[in-house]
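K.L.:
Residue-level listing of the chains:
There are 4 protein chains.
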Amino acid sequence: MSEDLQTLQRRLADFAAARDWEQYHTPKNLAAALSVEAAELVEIFQWLTPEQSAKIMTDPASAARVEDEVADVLAYLLQFCGVLGIDAAAALAAKIERNEERFPANRPSRHSPE
Amino acid sequence: MSEDLQTLQRRLADFAAARDWEQYHTPKNLAAALSVEAAELVEIFQWLTPEQSAKIMTDPASAARVEDEVADVLAYLLQFCGVLGIDAAAALAAKIERNEERFPANRPSRHSPE
Amino acid sequence: MSEDLQTLQRRLADFAAARDWEQYHTPKNLAAALSVEAAELVEIFQWLTPEQSAKIMTDPASAARVEDEVADVLAYLLQFCGVLGIDAAAALAAKIERNEERFPANRPSRHSPE
Amino acid sequence: MSEDLQTLQRRLADFAAARDWEQYHTPKNLAAALSVEAAELVEIFQWLTPEQSAKIMTDPASAARVEDEVADVLAYLLQFCGVLGIDAAAALAAKIERNEERFPANRPSRHSPE
Numbered sequence: 001m002s003e004d005l006q007t008l009q010r011r012l013a014d015f016a017a018a019r020d021w022e023q024y025h026t027p028k029n030l031a032a033a034l035s036v037e038a039a040e041l042v043e044i045f046q047w048l049t050p051e052q053s054a055k056i057m058t059d060p061a062s063a064a065r066v067e068d069e070v071a072d073v074l075a076y077l078l079q080f081c082g083v084l085g086i087d088a089a090a091a092l093a094a095k096i097e098r099n100e101e102r103f104p105a106n107r108p109s110r111h112s113p114e
Numbered sequence: 115m116s117e118d119l120q121t122l123q124r125r126l127a128d129f130a131a132a133r134d135w136e137q138y139h140t141p142k143n144l145a146a147a148l149s150v151e152a153a154e155l156v157e158i159f160q161w162l163t164p165e166q167s168a169k170i171m172t173d174p175a176s177a178a179r180v181e182d183e184v185a186d187v188l189a190y191l192l193q194f195c196g197v198l199g200i201d202a203a204a205a206l207a208a209k210i211e212r213n214e215e216r217f218p219a220n221r222p223s224r225h226s227p228e
Numbered sequence: 229m230s231e232d233l234q235t236l237q238r239r240l241a242d243f244a245a246a247r248d249w250e251q252y253h254t255p256k257n258l259a260a261a262l263s264v265e266a267a268e269l270v271e272i273f274q275w276l277t278p279e280q281s282a283k284i285m286t287d288p289a290s291a292a293r294v295e296d297e298v299a300d301v302l303a304y305l306l307q308f309c310g311v312l313g314i315d316a317a318a319a320l321a322a323k324i325e326r327n328e329e330r331f332p333a334n335r336p337s338r339h340s341p342e
Numbered sequence: 343m344s345e346d347l348q349t350l351q352r353r354l355a356d357f358a359a360a361r362d363w364e365q366y367h368t369p370k371n372l373a374a375a376l377s378v379e380a381a382e383l384v385e386i387f388q389w390l391t392p393e394q395s396a397k398i399m400t401d402p403a404s405a406a407r408v409e410d411e412v413a414d415v416l417a418y419l420l421q422f423c424g425v426l427g428i429d430a431a432a433a434l435a436a437k438i439e440r441n442e443e444r445f446p447a448n449r450p451s452r453h454s455p456e
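Protein chains in written order, with the working numbering: chain Z, 1 to 114; chain D, 115 to 228; chain U, 229 to 342; chain B, 343 to 456.
Hints in this document: simulated from the structure, not taken from any laboratory.
Just the calculated beta-carbon pair ranges, DEER-fashion:
hint	chain 1	residue 1	chain 2	residue 2	range
1	D	Arg124	U	Gln280	26 to 32 Å
2	U	Ser290	B	Glu443	20 to 26 Å
3	B	Ala355	D	Glu165	44 to 50 Å
4	Z	Arg65	U	Ala246	42 to 48 Å
5	D	Ala204	Z	Ala93	19 to 25 Å
6	B	Ala396	Z	Arg65	33 to 39 Å
7	Z	Arg65	D	Arg124	22 to 28 Å
8	U	Asn327	Z	Thr58	29 to 35 Å
9	Z	Ile96	B	Arg444	31 to 37 Å
10	B	Asp356	U	Ala282	16 to 22 Å
11	U	Ser290	B	Glu364	21 to 27 Å
12	Z	Gln6	U	Asp242	48 to 54 Å
13	B	Arg440	D	Ser176	22 to 28 Å
14	D	Ala208	U	Ala292	42 to 48 Å
Residues on chain D that point at chain Z, a partial pick, calculated with CB under 10 Å:
hint	residue
15	Leu119
16	Glu151
17	Pro164
18	Met171
19	Asp186
20	Phe194
21	Ala203
22	Ala205
23	Glu214
Every value quoted in this text rests on a predicted model; they were computed, and no experiment measured them. Glycine included, each C-beta is placed from N, C-alpha and C at the ideal position.
Construct the entire structure; sequences and hints are all you get.
P.N.:
In structure tokens:
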């Protein structure tokens with residue numbers, strides 16, 4: 001994993017340890033927290049048209065809210081990976097390689113990444 | 115953002131462009147897809163005790179499934195940030211600084227990050 | 229709650245008891261399972277345009293999938309309410325009354341139910 | 343569907359029509375809103391132990407919050423079913439019958455409802 005993600009992951013771990021929050025950070029709880037934050041991101045867009053959603057960052061208040069939820073999602077993802085010893089960036093690199101075989105670029109395919 | 119995340123984000127963007135999938139990748143749709151992948155991570159843990167959840171990586175099949183869902187969550191997070199021009203690592207660094215002020219380490223506090 | 233919902237709730241409770249699944253059915257686990265099923269419903273629509281989503285029931289395979297996920301969401305909602313002694317229909321009736329005061333019909337308002 | 347659910351579904355439809363909210367109520371948006379409300383239910387439990395989660399209704403403030411989220415989940419489920427013409431109770435009854443065949447009570451089985 002990159003230096004930056006490692007640094008962030010370490011800061012999050014230190015933050016939790018300093019507040020005695022590690023007891024709450026089971027993989028099960030962190031996965032749930034990650035899904036809750038992802039839903040808060042969805043909530044921002046739930047009543048918007050596709051076109052409105054593409055312009056979300058032009059409104060400063062909405063932009064700040066989106067960035068805040070992105071931060072929360074990444075925070076729980078890194079904490080989840082931290083307690084389980086997973087290298088998220090390496091997992092994604094491996095997945096991209098698998099997908100390049102599953103979905104050849106020169107053949108038509110419906111969108112169905114997962 | 116770190117070189118590695120930037121590289122992954124670029125590979126995901128190229129992958130989508132080569133398959134003409136960009137039309138599907140509105141921020142609204144990518145946020146929904148992110149939440150679906152986060153739920154697939156939750157699903158792995160939904161009937162496990164906290165103790166069982168902590169040992170999930172000792173079973174190779176479960177470990178592979180967890181890493182696969184982590185990859186999917188990070189993939190959609192990076193694609194979401196890519197279409198909106200958000201630097202996820204910078205957003206998280208800023209959030210950690212805000213949280214260090216909101217939740218001082220030397221005062222007792224219930225866990226309630228969001 | 230209506231007779232029908234009560235009957236369904238009882239059948240679900242008997243089904244779980246006969247398979248010794250009650251041990252898994254903590255409110256926390258059932259809430260997670262409910263959210264996973266809701267995400268599976270979202271997944272059906274994630275790449276569709278609003279217009280395509282409105283026609284989902286015209287495709288028999290998609291219609292069956294939607295009905296299946298609706299059944300799962302209702303099943304976990306009823307089981308969640310069953311273990312906690314909540315009358316979901318009464319809770320909703322009370323909520324509608326509160327919302328009728330919060331969102332008067334004769335005044336313009338942005339959509340923001342929650 | 344039972345009279346009660348039908349009545350609630352009708353009240354929700356009238357409520358939306360009176361506020362000109364029908365334009366937002368595509369199946370895609372309602373599925374997303376349902377998943378957001380389910381996540382808000384998960385959020386209440388995310389840091390609790392299984393034992394704490396079983397006692398959630400003994401705290402009046404938590405009990406009110408749980409009932410409120412249950413109402414929201416049921417509201418969006420009924421609105422989703424309303425726009426698509428789905429009878430949720432009938433879909434669940436059919437699913438229970440299928441599950442009774444898939445998971446015979448007299449044979450041991452891991453929990454895996456979906």
